[in-house]
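Student: Its first residue numbered 1, the sequence shown is counted upward by one per residue in this note's numbering.
Rather than coming from a laboratory, the hints here were simulated on the basis of the structure. Using N, Cα and C, we set each Cβ at its ideal position, and we do this for glycine too. You may find that some hints are simply not true.
[Unchecked claim] In the EDC-like style, the derived pairs of lysine to aspartate or glutamate whose C-alpha atoms are separated by at most 16 Å in a straight line are:
hint : residue 1 : residue 2
1    : K215      : D237
2    : K215      : D249
3    : K97       : E130
4    : K97       : D127
5    : K215      : E166
[As the list claims (entries may be wrong)] For each label pair, taking beta carbons as the anchor points, the in silico distance ranges come out as:
hint : residue 1 : residue 2 : range
6    : E113      : R183      : 25 to 33 Å
7    : N33       : T148      : 51 to 59 Å
8    : D3        : S178      : 17 to 25 Å
9    : N134      : D75       : 45 to 53 Å
10   : T4        : P247      : 24 to 32 Å
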Amino acid sequence: MSDTTAYLLTLACPDAPGIVAAVANGIADLGGNILANAQFSEPSIERFCMRMRYEAPTQDPDEMAATLRDGLPVDDDIELVVHEADYRTPTLLMVSKYDHCLRDLLYRWHAGELPVDIRMVVSNHWDLQEVAANYRVPFVHVPVTKDTKAAAEARLMELVDEHDIELVVLARYMQILSDDLCRQLEGRIINIHHSFLPGFKGARPYHQAWERGVKVIGATAHYVTADLDEGPIIDQDVERVTHAHTPDDLAVIGRDVERIVLSRAVRAHAERRIFRFADRTVVFS
1 MSDTTAYLLT LACPDAPGIV AAVANGIADL GGNILANAQF SEPSIERFCM
51 RMRYEAPTQD PDEMAATLRD GLPVDDDIEL VVHEADYRTP TLLMVSKYDH
101 CLRDLLYRWH AGELPVDIRM VVSNHWDLQE VAANYRVPFV HVPVTKDTKA
151 AAEARLMELV DEHDIELVVL ARYMQILSDD LCRQLEGRII NIHHSFLPGF
201 KGARPYHQAW ERGVKVIGAT AHYVTADLDE GPIIDQDVER VTHAHTPDDL
251 AVIGRDVERI VLSRAVRAHA ERRIFRFADR TVVFS
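Take the sequences, apply the hints, and build the full model.
Tutor: Printed below as a string of structure tokens:
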């Protein structure tokens, strides 16, 4: 097609016959051509989701979404969004002192491997300011104490609103967020943690794991909710270990898994491949 643009459509709605046909016919009426499609229906909650890539004569995505929504065979509880396929999600990274996830995300973004627009790094410490500076990303220091927690979270939301942030990534940010902040950012804030929770909490989890002779090291990326480390899971992975590994070896392996899992989760979110069904997720390949 000449004078066309590639678009990405995501749809979540109550399940009903004819949804796919309605969207396909609607895109045809817009002069479009479907390039790829993935869909899933969950009978237990009668919920349907779909992710479709198509090309069409260049036009306003919101107007297309409204037109396609009007043609659906369901009337309410519809989440239908259209973006240009090359849209880059405005993203804010939060970090404390561990740098491995921050460095990995900045590298992948700089190399063009992640469809995000990293607009700033926010930290409660100064330690990683130079890392952000190396990638010419603004660094904002927002210190947090027991007495300043509410003010710090208010400042974070100011930054989110001011810079039109659509995704917040906790790249090993070692502060517990308030229930109110979790609710404000629901569905657009991702965290990463090692796989030892809830078994090995607190300090030196890899030493605790070594003392128990664990045989796998893993990591989980999930959406943040008020239930600490129990939000809907996006991605997970594990690596096998043996008695020959030291606690430091386990930590190195763990950091590597965390980097990979978090980057996959960020990519899946930015590519709009994730749909939340209650407390679980559907993640299209």
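Student: Next, verify each hint and record whether it holds.
Tutor: Verification of the hints:
{"no.": "1", "hint": "K215 - D237", "in the structure": "holds, 14 Å"}
{"no.": "2", "hint": "K215 - D249", "in the structure": "holds, 13 Å"}
{"no.": "3", "hint": "K97 - E130", "in the structure": "holds, 12 Å"}
{"no.": "4", "hint": "K97 - D127", "in the structure": "holds, 6 Å"}
{"no.": "5", "hint": "K215 - E166", "in the structure": "violated, 38 Å"}
{"no.": "6", "hint": "E113 - R183: 25 to 33 Å", "in the structure": "holds, 32 Å"}
{"no.": "7", "hint": "N33 - T148: 51 to 59 Å", "in the structure": "holds, 54 Å"}
{"no.": "8", "hint": "D3 - S178: 17 to 25 Å", "in the structure": "violated, 49 Å"}
{"no.": "9", "hint": "N134 - D75: 45 to 53 Å", "in the structure": "holds, 52 Å"}
{"no.": "10", "hint": "T4 - P247: 24 to 32 Å", "in the structure": "violated, 56 Å"}
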